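*Asks:* Spelled out, the chains give:
There are 2 protein chains.
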Amino acid sequence: MKVKRSERLIDMTRYLLERPHTLVSLTYFANRYDSAKSSISEDLTIVKKTFKERKTGTLETVPGAAGGVRYIPEIAKEEAKEFVDEMCERLSEANRLLPGGYVYLSDLLGHPQILRQIGKIIASQYLHESIDAVMTVATKGVPIAQAVSSYLNVPFVIVRRDSKITEGSTVSINYVSGSSERVEKMELSKRSLKRGSRVLIVDDFMKGGGTVNGMKSLIEEFEAELVGVTVFAESTFSGDRMIADYTSLLCVDEVDIRDKTIYVKPGNYFKD
Amino acid sequence: MKVKRSERLIDMTRYLLERPHTLVSLTYFANRYDSAKSSISEDLTIVKKTFKERKTGTLETVPGAAGGVRYIPEIAKEEAKEFVDEMCERLSEANRLLPGGYVYLSDLLGHPQILRQIGKIIASQYLHESIDAVMTVATKGVPIAQAVSSYLNVPFVIVRRDSKITEGSTVSINYVSGSSERVEKMELSKRSLKRGSRVLIVDDFMKGGGTVNGMKSLIEEFEAELVGVTVFAESTFSGDRMIADYTSLLCVDEVDIRDKTIYVKPGNYFKD
Chain Z
1 MKVKRSERLI DMTRYLLERP HTLVSLTYFA NRYDSAKSSI SEDLTIVKKT
51 FKERKTGTLE TVPGAAGGVR YIPEIAKEEA KEFVDEMCER LSEANRLLPG
101 GYVYLSDLLG HPQILRQIGK IIASQYLHES IDAVMTVATK GVPIAQAVSS
151 YLNVPFVIVR RDSKITEGST VSINYVSGSS ERVEKMELSK RSLKRGSRVL
201 IVDDFMKGGG TVNGMKSLIE EFEAELVGVT VFAESTFSGD RMIADYTSLL
251 CVDEVDIRDK TIYVKPGNYF KD
Chain R
1 MKVKRSERLI DMTRYLLERP HTLVSLTYFA NRYDSAKSSI SEDLTIVKKT
51 FKERKTGTLE TVPGAAGGVR YIPEIAKEEA KEFVDEMCER LSEANRLLPG
101 GYVYLSDLLG HPQILRQIGK IIASQYLHES IDAVMTVATK GVPIAQAVSS
151 YLNVPFVIVR RDSKITEGST VSINYVSGSS ERVEKMELSK RSLKRGSRVL
201 IVDDFMKGGG TVNGMKSLIE EFEAELVGVT VFAESTFSGD RMIADYTSLL
251 CVDEVDIRDK TIYVKPGNYF KD
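Heads up: the protein sequence lines correspond to chains Z and R, in order.
Quick note: the first sequence, position 262, residue 262 per UniProt numbering, numbers continuous.
Quick note: the second sequence, position 84, residue 84 per UniProt numbering, numbers continuous.
Honestly, the hints are just simulated from the structure, not real lab data.
The hints are all genuine.
Listed next, the in silico EDC-like pairs over lysine to aspartate or glutamate satisfying Cα-Cα at most 16 Å (straight line):
| id | chain 1 | residue 1 | chain 2 | residue 2 |
| --- | --- | --- | --- | --- |
| 1 | R | K52 | Z | E7 |
| 2 | R | K55 | Z | E18 |
| 3 | R | K194 | Z | D107 |
| 4 | R | K55 | Z | E7 |
| 5 | Z | K271 | Z | D85 |
| 6 | Z | K4 | R | E7 |
| 7 | R | K4 | Z | E42 |
| 8 | Z | K55 | R | E18 |
| 9 | Z | K164 | R | D107 |
| 10 | Z | K49 | R | E7 |
| 11 | R | K164 | Z | D107 |
| 12 | Z | K52 | R | E7 |
| 13 | Z | K194 | R | D107 |
| 14 | Z | K164 | R | D162 |
| 15 | R | K164 | Z | D162 |
| 16 | Z | K48 | R | E7 |
| 17 | Z | K190 | R | D107 |
| 18 | Z | K55 | Z | E82 |
| 19 | R | K4 | Z | E53 |
| 20 | R | K2 | Z | E53 |
| 21 | R | K48 | Z | E7 |
| 22 | R | K190 | Z | D107 |
| 23 | R | K190 | R | E221 |
| 24 | Z | K194 | Z | E220 |
| 25 | Z | K4 | R | E53 |
| 26 | Z | K4 | R | E42 |
| 27 | Z | K55 | R | E7 |
| 28 | Z | K2 | R | E53 |
| 29 | R | K49 | Z | E7 |
Residues from chain R that keep clear of chain Z, each with C-beta distances beyond 12 Å, as calculated:
| id | residue |
| --- | --- |
| 30 | L26 |
| 31 | K37 |
| 32 | S38 |
| 33 | G64 |
| 34 | A66 |
| 35 | K81 |
| 36 | E82 |
| 37 | S124 |
| 38 | V176 |
| 39 | R195 |
| 40 | R198 |
The model shown is predicted, which means the values in this text are computed figures rather than measured ones.
The beta carbon of each residue, even a glycine, is placed where N, CA and C say it ideally should be.
So that you can see chain Z by itself, here it is in the shape it has in the complex (with noise of 0.2 Å):
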């Protein structure tokens, strides 16, 4: 049965929203709704104009018998300053300072809203880039890199500090932690990237960049190709920092124990 302009629009929102960075064909829409395809054709040309003036995404055209149209999300640069402005205080606020200057992210990083935000963010960043696949570290950094690959609709991989069996076999590499100046290990999966993968890797913190440093060695074994590095927030640091091209949303800039105070600042993100 034909279905009627008004919730072809509702259901067509709907399912393009559902699929970020998926080609779906006039066909399948015009099959869906029963409808001819220069009905859905004109459906479409509402959508895109409703998506831009909100600032929702773009929705691309391809054109010819393999056309269709695909759905980039992206979030206006205003949005984003506001949000992250937003994290700016949440994340200064006394009570978050942990014994050894550290903050504690936990909360805000298990909130489904703020972790959207974050997804589209980072993904927005990359909208122009091929990626095969987000790499993070766990724990902490997997809801970042799920929210990402949400957005991107690519798979996360996560690299771990310990072995497990449910895994099988891993590839694992050695890394100066660049805080401790510790060696310590992280591996990864063999069968989870394909050689020639180009990767996106995100984090929750960064502060010598140590980790960031390792995933990179990771990825270079895995002969896969670094895209991009960004982290949710970084740290000011005293020391050489083992990372010099990447982009942080957040960047703690002080901490004071005595006082308990956090000053916290926006990141590299937003210079141009």
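Using the hints provided, position chain R relative to the given structure of chain Z.
*Replies:* Chain R only, in chain Z's frame:
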């Protein structure tokens, strides 16, 4: 400027899908689109009808001055069954068999589309329960917890087997690992769960049920309340399982290491 119905429907759908279980007032939409409440009300009737027909979930209407609408994601039983049948096939692939009879799952649990479906299926089971938090254990449970939490729109908390400096003070308990009968330790950051919280436990795999039992003890320790336990896959267990009341999406029925065969069937989710 007044926004056209077609554009309102598209943006409204997107807005609601991104905020499951959240009450949105008619006034909010009326202001957002500079439209009369009566028009918004008509829009929402169309959205409600379309969601229902397409089995996208329910748009609940809350009447009165403080009222509005709330989107409750739900998966149709048939779609859930279709997905689980497909997962049964994927899990039965011979090359997933690991030494010790373990089954490799990490690729599936790193796929955004698969996680979305798992999240929707588990969330659908607890639609009518009030839930404050989803709990899981690091690392492999995290993606499932995050997917469920995203559809229930509540935070998730991660229990750990190792102490981390970035978690602050923790509460720890000892538990008996069901399959190996060893005593192990797990802990949860003290500030991550409020007293009286209603908690849903999820995990990737359950054998003897020792880990889930450990999480139950932790919930008691926090004076919180257990709402339910759902795992992605269970394996038939010859001994006495420590957990009687749980739901599984899949059941790994038989693993033959010599023949390299895995037999997987749908779990008790589908038993009425």
